[in-house]
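Each protein sequence line maps, in turn, to chains A and B. For what it's worth, UniProt numbering labels the leading residue of the first sequence as 1, then goes sequentially. For what it's worth, UniProt numbering labels the leading residue of the second sequence as 1, then goes sequentially.
Read the hints as simulated data drawn from the structure, not as lab findings. Be careful, since some hints might not be right.
Which copy is meant is left open, because identical chains are indistinguishable; a pair holds if it fits in one copy or across any two.
Stated by the list, open to error - Computed cross-link-like contacts, BS3-like style, restricted to lysine-lysine with a CA-CA straight-line distance of at most 30 Å:
hint: 1; residue 1: K339; residue 2: K405
hint: 2; residue 1: K176; residue 2: K286
hint: 3; residue 1: K46; residue 2: K32
hint: 4; residue 1: K407; residue 2: K264
hint: 5; residue 1: K223; residue 2: K241
hint: 6; residue 1: K466; residue 2: K46
hint: 7; residue 1: K170; residue 2: K384
hint: 8; residue 1: K255; residue 2: K76
hint: 9; residue 1: K468; residue 2: K407
hint: 10; residue 1: K121; residue 2: K367
hint: 11; residue 1: K21; residue 2: K121
hint: 12; residue 1: K286; residue 2: K241
hint: 13; residue 1: K121; residue 2: K24
hint: 14; residue 1: K121; residue 2: K76
hint: 15; residue 1: K255; residue 2: K206
hint: 16; residue 1: K32; residue 2: K121
hint: 17; residue 1: K176; residue 2: K309
hint: 18; residue 1: K121; residue 2: K309
hint: 19; residue 1: K419; residue 2: K339
There are 2 protein chains.
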Amino acid sequence: MALLLLDLHPEKKSKSNFQLKTPKGTRDYNEKEMAVRQNLFNTITKIFQRHGGVTIDTPVFEMRDILSGKYGEDSKLIYDLADQGGEDCSLRYDLTVPFARYLAMQGKKDAQQMKRYQIAKVYRRDQPIMTKGRLREFYQCDFDIAGAYDSMIPDAEILKILSDTMDAVKIPFHIKLNHRQILDGIFEVCGVPPQQIRSISAAVDKLDKLPWEDVKKEMVQEKGLAEDVANRIGDYVQLVKDTPSLLQHLQNDQKLMAHEGASKGLADVKLLLEFLEIFNVRDRVKLDLSLARGLDYYTGIIYEAITDKSEGVGSIAAGGRYDNLVGMFSGTNKAGKPKTIPCVGVSIGVERVFSILMSRRNINDIKSNATQVYVISVGDGLLKERMELVQELWDAGINASFTLKNKPKLEKQWLACEKEQIPFAVIVGKDEIESGKVRIKDMRSKNSDQGGGLVLDRKDMISELKKKVDQAFY
Amino acid sequence: MALLLLDLHPEKKSKSNFQLKTPKGTRDYNEKEMAVRQNLFNTITKIFQRHGGVTIDTPVFEMRDILSGKYGEDSKLIYDLADQGGEDCSLRYDLTVPFARYLAMQGKKDAQQMKRYQIAKVYRRDQPIMTKGRLREFYQCDFDIAGAYDSMIPDAEILKILSDTMDAVKIPFHIKLNHRQILDGIFEVCGVPPQQIRSISAAVDKLDKLPWEDVKKEMVQEKGLAEDVANRIGDYVQLVKDTPSLLQHLQNDQKLMAHEGASKGLADVKLLLEFLEIFNVRDRVKLDLSLARGLDYYTGIIYEAITDKSEGVGSIAAGGRYDNLVGMFSGTNKAGKPKTIPCVGVSIGVERVFSILMSRRNINDIKSNATQVYVISVGDGLLKERMELVQELWDAGINASFTLKNKPKLEKQWLACEKEQIPFAVIVGKDEIESGKVRIKDMRSKNSDQGGGLVLDRKDMISELKKKVDQAFY
Numbered sequence: 001m002a003l004l005l006l007d008l009h010p011e012k013k014s015k016s017n018f019q020l021k022t023p024k025g026t027r028d029y030n031e032k033e034m035a036v037r038q039n040l041f042n043t044i045t046k047i048f049q050r051h052g053g054v055t056i057d058t059p060v061f062e063m064r065d066i067l068s069g070k071y072g073e074d075s076k077l078i079y080d081l082a083d084q085g086g087e088d089c090s091l092r093y094d095l096t097v098p099f100a101r102y103l104a105m106q107g108k109k110d111a112q113q114m115k116r117y118q119i120a121k122v123y124r125r126d127q128p129i130m131t132k133g134r135l136r137e138f139y140q141c142d143f144d145i146a147g148a149y150d151s152m153i154p155d156a157e158i159l160k161i162l163s164d165t166m167d168a169v170k171i172p173f174h175i176k177l178n179h180r181q182i183l184d185g186i187f188e189v190c191g192v193p194p195q196q197i198r199s200i201s202a203a204v205d206k207l208d209k210l211p212w213e214d215v216k217k218e219m220v221q222e223k224g225l226a227e228d229v230a231n232r233i234g235d236y237v238q239l240v241k242d243t244p245s246l247l248q249h250l251q252n253d254q255k256l257m258a259h260e261g262a263s264k265g266l267a268d269v270k271l272l273l274e275f276l277e278i279f280n281v282r283d284r285v286k287l288d289l290s291l292a293r294g295l296d297y298y299t300g301i302i303y304e305a306i307t308d309k310s311e312g313v314g315s316i317a318a319g320g321r322y323d324n325l326v327g328m329f330s331g332t333n334k335a336g337k338p339k340t341i342p343c344v345g346v347s348i349g350v351e352r353v354f355s356i357l358m359s360r361r362n363i364n365d366i367k368s369n370a371t372q373v374y375v376i377s378v379g380d381g382l383l384k385e386r387m388e389l390v391q392e393l394w395d396a397g398i399n400a401s402f403t404l405k406n407k408p409k410l411e412k413q414w415l416a417c418e419k420e421q422i423p424f425a426v427i428v429g430k431d432e433i434e435s436g437k438v439r440i441k442d443m444r445s446k447n448s449d450q451g452g453g454l455v456l457d458r459k460d461m462i463s464e465l466k467k468k469v470d471q472a473f474y
Numbered sequence: 001m002a003l004l005l006l007d008l009h010p011e012k013k014s015k016s017n018f019q020l021k022t023p024k025g026t027r028d029y030n031e032k033e034m035a036v037r038q039n040l041f042n043t044i045t046k047i048f049q050r051h052g053g054v055t056i057d058t059p060v061f062e063m064r065d066i067l068s069g070k071y072g073e074d075s076k077l078i079y080d081l082a083d084q085g086g087e088d089c090s091l092r093y094d095l096t097v098p099f100a101r102y103l104a105m106q107g108k109k110d111a112q113q114m115k116r117y118q119i120a121k122v123y124r125r126d127q128p129i130m131t132k133g134r135l136r137e138f139y140q141c142d143f144d145i146a147g148a149y150d151s152m153i154p155d156a157e158i159l160k161i162l163s164d165t166m167d168a169v170k171i172p173f174h175i176k177l178n179h180r181q182i183l184d185g186i187f188e189v190c191g192v193p194p195q196q197i198r199s200i201s202a203a204v205d206k207l208d209k210l211p212w213e214d215v216k217k218e219m220v221q222e223k224g225l226a227e228d229v230a231n232r233i234g235d236y237v238q239l240v241k242d243t244p245s246l247l248q249h250l251q252n253d254q255k256l257m258a259h260e261g262a263s264k265g266l267a268d269v270k271l272l273l274e275f276l277e278i279f280n281v282r283d284r285v286k287l288d289l290s291l292a293r294g295l296d297y298y299t300g301i302i303y304e305a306i307t308d309k310s311e312g313v314g315s316i317a318a319g320g321r322y323d324n325l326v327g328m329f330s331g332t333n334k335a336g337k338p339k340t341i342p343c344v345g346v347s348i349g350v351e352r353v354f355s356i357l358m359s360r361r362n363i364n365d366i367k368s369n370a371t372q373v374y375v376i377s378v379g380d381g382l383l384k385e386r387m388e389l390v391q392e393l394w395d396a397g398i399n400a401s402f403t404l405k406n407k408p409k410l411e412k413q414w415l416a417c418e419k420e421q422i423p424f425a426v427i428v429g430k431d432e433i434e435s436g437k438v439r440i441k442d443m444r445s446k447n448s449d450q451g452g453g454l455v456l457d458r459k460d461m462i463s464e465l466k467k468k469v470d471q472a473f474y
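Required output: the full structure, derived from the provided sequences and hints.
Have a look at this one:
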């Protein structure tokens with residue numbers, strides 16, 4: 001009813017007292033940003049498809065129980081939907097848990113093997129830092145290989161995919177690699193009580209930002225770990241060696257090698273590196289015992305790709321193997337074992353990549369439309385003639401626009417064509433109409449060689465423009 | 001911590017008591033459905049770009065105040081986020097109101113003109129009918145032209161875009177057209193009190209599902225309209241004539257033509273039809289005085305595209321002109337007039353289109369991956385040799401896969417290749433490896449002409465496959 005009143009009496013509208021903004025931690029993306037984003041998504045999708053990836057879609061919100069108990073302390077950052085009668089739902093926090101839920105719901109044998117990618121929004125009620133691009137609504141971009149395969153083969157392909165993706169967006173990087181079973185082996189061998197392993201692991205994960213002394217203090221003073229245990233951990237996680245030397249060092253560590261998990265983890269890493277050699281990405285990877293990764297659900301190799309200094313150092317992709325997550329949803333089989341599906345995956349920090357790509361561009365130079373031809377009239381408006389021309393162009397599959405006015409000024413038409421970075425103009429005046437001609441002008445060349453443009457018979461317009469457009473766009 | 005225990009003692013996991021499902025009214029889309037959906041989105045995007053469209057992105061949730069008072073009675077269907085401290089937010093109900101909010105926030109003159117499209121999810125707590133595809137989370141697909149242009153030129157392009165889109169997805173249709181000012185003029189001339197116009201209009205909107213007698217009953221008995229007023233309305237909205245005759249009939253109606261709005265509306269429709277003639281879509285459009293459209297915010301032409309009988313009759317796209325919506329957000333200028341931006345747009349019923357496309361396909365025939373080549377070994381596994389081959393293919397930009405096992409059975413490799421509908425296989429055995437050869441087989445041809453396939457030097461593999469792939473995919 002308010003609208004009807006507005007409609008009939010626009011002059012009576014008083015300014016409303018709401019705030020004209022997007023919610024905290026969210027933002028709009030304008031057409032130029034979206035052109036860059038979509039180009040980025042397409043580039044990544046191509047790499048994902050090169051590796052046999054297929055995509056699925058899951059709802060933006062899930063049953064609350066599906067998400068609970070998956071994210072440790074960060075569960076407090078989950079957005080809940082209001083109780084409006086009905087089910088308790090929450091916005092998804094990542095794409096991995098919904099994917100595991102999806103796999104568990106596919107009863108059939110078919111779905112037990114899947115290379116799936118997904119580029120979609122996730123939600124976290126974190127303290128936003130808009131200037132650093134830390135938002136509450138952001139895209140994640142995941143590739144995961146689900147299925148029981150042979151050791152380290154899917155893991156190697158995932159790291160290859162990570163590398164191919166970074167190469168495709170031209171971001172220099174290296175990969176820190178570790179293995180949960182090596183890490184847990186170290187903690188056990190050093191004497192960490194089993195129930196403290198995840199919490200001590202979380203402390204180690206801070207070593208990329210804090211010096212060892214601070215991390216040790218957290219372990220000993222906050223978490224009550226014995227100092228000698230902490231010191232032994234420090235000896236491991238502070239080891240700085242090239243990967244072959246580090247592998248040899250661990251291999252020679254009889255106490256650690258007597259730990260079944262650590263020994264298996266080391267064999268995994270060695271085999272993985274062999275495969276990565278074949279995939280031409282071995283030299284991108286560095287074994288780093290201080291990499292721990294926050295999420296609880298990893299069970300095998302873990303990794304993090306870091307940009308090189310040229311782009312400001314920071315994590316740009318990460319992932320790992322999580323063999324038990326699907327089992328949390330799919331229950332147990334008759335023998336009482338969880339019907340799990342082993343998985344390994346990577347999440348590309350696509351928002352970070354987007355920021356880097358934007359920082360390389362002058363926003364004014366970004367063309368946001370795909371228009372190839374602008375139809376311009378000289379003189380008396382010629383609206384219907386311009387409409388006939390765009391109609392011909394559209395029917396021929398050419399992306400064409402014109403000024404949606406009866407009698408647009410010539411100057412304004414030129415300006416629109418230039419502002420929208422449209423490469424070709426079709427120009428008509430009374431003379432051209434009467435003699436059955438059109439003028440075609442290449443708007444990209446600033447030199448005056450072409451004078452008023454190429455004059456040709458109307459019937460040849462489409463074939464000539466198709467030639468020009470093909471050259472300009474491909 | 002639960003996860004750590006699961007990790008260490010998987011056999012102890014007891015079946016959880018949560019429901020393994022997606023929330024009511026939502027669903028997953030598997031990889032085959034997604035292949036069809038993405039193809040559909042790409043097809044529509046191409047049409048939108050042909051008409052100069054650019055895209056933007058807005059958050060999935062908005063400040064609650066932005067949405068309130070925009071959807072009449074349907075506001076009760078809006079999903080709210082829980083109050084977790086902070087702002088009151090709700091999931092978006094459509095893409096139009098967020099677009100109007102976006103436009104109002106762009107202060108600059110630049111954003112006053114925009115052809116924008118958006119294909120994104122919206123949310124409605126409606127009673128879902130999954131079998132009919134009525135969901136609580138679904139995609140909308142909108143194209144809108146914002147800006148002060150000359151009469152009916154953008155409106156004509158919007159109807160052209162609607163038509164081009166339906167043609168691109170090969171769905172036969174026709175368009176019902178009406179004009180809010182003609183309709184409101186009819187109501188006023190018939191004697192409907194101003195404050196009842198929207199409510200009577202909502203009753204008329206039911207004429208596509210109910211007979212006139214029922215609609216009249218609603219007007220008279222439920223809404224208290226005088227019976228003679230209802231009868232006069234009935235004389236108008238039941239008029240069945242071809243469009244030129246109907247236009248003539250209204251033109252001859254002196255009482256109606258004395259109404260300023262109705263007379264302007266009629267002039268609009270006539271001009272629009274002239275333009276649609278030039279755009280070759282005039283014969284798709286039929287003036288229909290019984291079309292009212294539910295939403296409050298329309299101010300000019302309104303339309304609805306209906307599928308022809310072959311696809312089961314139903315609305316497949318709809319829209320109209322809404323000149324005052326942006327003004328509701330942008331406040332007033334110094335003269336006290338709302339700083340509005342006139343808009344006209346169309347929403348393609350993309351979920352309905354998707355259902356029609358799926359009903360035309362056998363789901364098993366849908367190829368969900370983009371893989372072009374499958375690498376197969378005969379004999380002893382040859383894992384590293386297969387890895388070297390896929391690596392070569394990937395580096396050449398060819399989409400390639402292989403079985404992620406050490407010693408896969410030949411049969412299983414063929415099966416994977418067939419199931420994933422991969423057109424070409426590269427086959428190696430010990431003999432080929434030793435003699436520096438590979439075999440290429442076209443998996444699409446069932447005849448045995450090719451025997452064991454084409455044997456060629458390893459160094460010629462890429463160029464031969466590129467040729468074959470180009471032929472197969474383009």
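Structure-based check of all given hints:
In this homomeric assembly, K339 and K405 come within 30 Å of each other (Cα to Cα) only across copies, at 21 Å, whereas the closest approach inside a single copy is 65 Å. For the identical chains of this complex, K176 and K286 are intra-copy neighbours only, at 5 Å inside a copy versus 65 Å across copies, given an alpha-carbon limit of 30 Å. Taking the shortest Cα distances, K46 and K32 sit within 30 Å of each other both inside one copy (21 Å) and across copies (17 Å). For a Cα distance limit of 30 Å, the shortest separation of K407 from K264 across copies, 21 Å, qualifies, whereas the shortest one inside one copy, 77 Å, does not.
In this assembly of identical chains, K223 and K241 lie within 30 Å of each other by CA distance solely inside one copy; the values are 29 Å within and 83 Å between copies. With identical chains, the CA atoms of K466 and K46 are at most 30 Å apart both within one copy (26 Å) and between copies (16 Å). Taking the closest pair of Cα atoms, K170 and K384 come within 30 Å of each other only across two copies (28 Å); inside a single copy the shortest separation is 47 Å, beyond that limit. In the homo-oligomer, the alpha carbons of K255 and K76 never lie at most 30 Å apart, since the shortest distance is 40 Å inside one protomer and 65 Å across protomers.
In the homo-oligomer, the alpha carbons of K468 and K407 lie at most 30 Å apart inside one protomer (28 Å), although the nearest pairing across protomers, at 53 Å, exceeds that limit. Taking identical chains as interchangeable, the C-alpha atoms of K121 and K367 lie at most 30 Å apart whether they share a chain (25 Å) or sit on different chains (26 Å). In this homomeric assembly, K21 and K121 come within 30 Å of each other (Cα to Cα) both inside a single copy, at 20 Å, and across copies, at 20 Å. For the homomeric pair K286 and K241, the shortest alpha-carbon distance inside one copy (9 Å) is at most 30 Å, but the shortest distance between copies (77 Å) is not.
Taking CA atoms no more than 30 Å apart as the test, K121 paired with K24 passes in both settings, with 16 Å inside one copy and 20 Å between copies. In this homomeric assembly, K121 and K76 come within 30 Å of each other (Cα to Cα) both inside a single copy, at 18 Å, and across copies, at 25 Å. When the C-alpha separation of K255 and K206 is checked against a cutoff of 30 Å, the pair qualifies only within one copy, where the shortest distance is 26 Å, while the shortest distance between copies is 80 Å. For a Cα distance limit of 30 Å, the shortest separation of K32 from K121 qualifies both inside one copy, at 19 Å, and across copies, at 21 Å.
Taking the shortest alpha-carbon separations for K176 and K309, only the intra-copy value of 15 Å comes in at or below 30 Å, while the best inter-copy value is 60 Å. For a Cα distance limit of 30 Å, the shortest separation of K121 from K309 inside one copy, 28 Å, qualifies, whereas the shortest one across copies, 38 Å, does not. When the C-alpha separation of K419 and K339 is checked against a cutoff of 30 Å, the pair qualifies only between copies, where the shortest distance is 24 Å, while the shortest distance within a copy is 58 Å.
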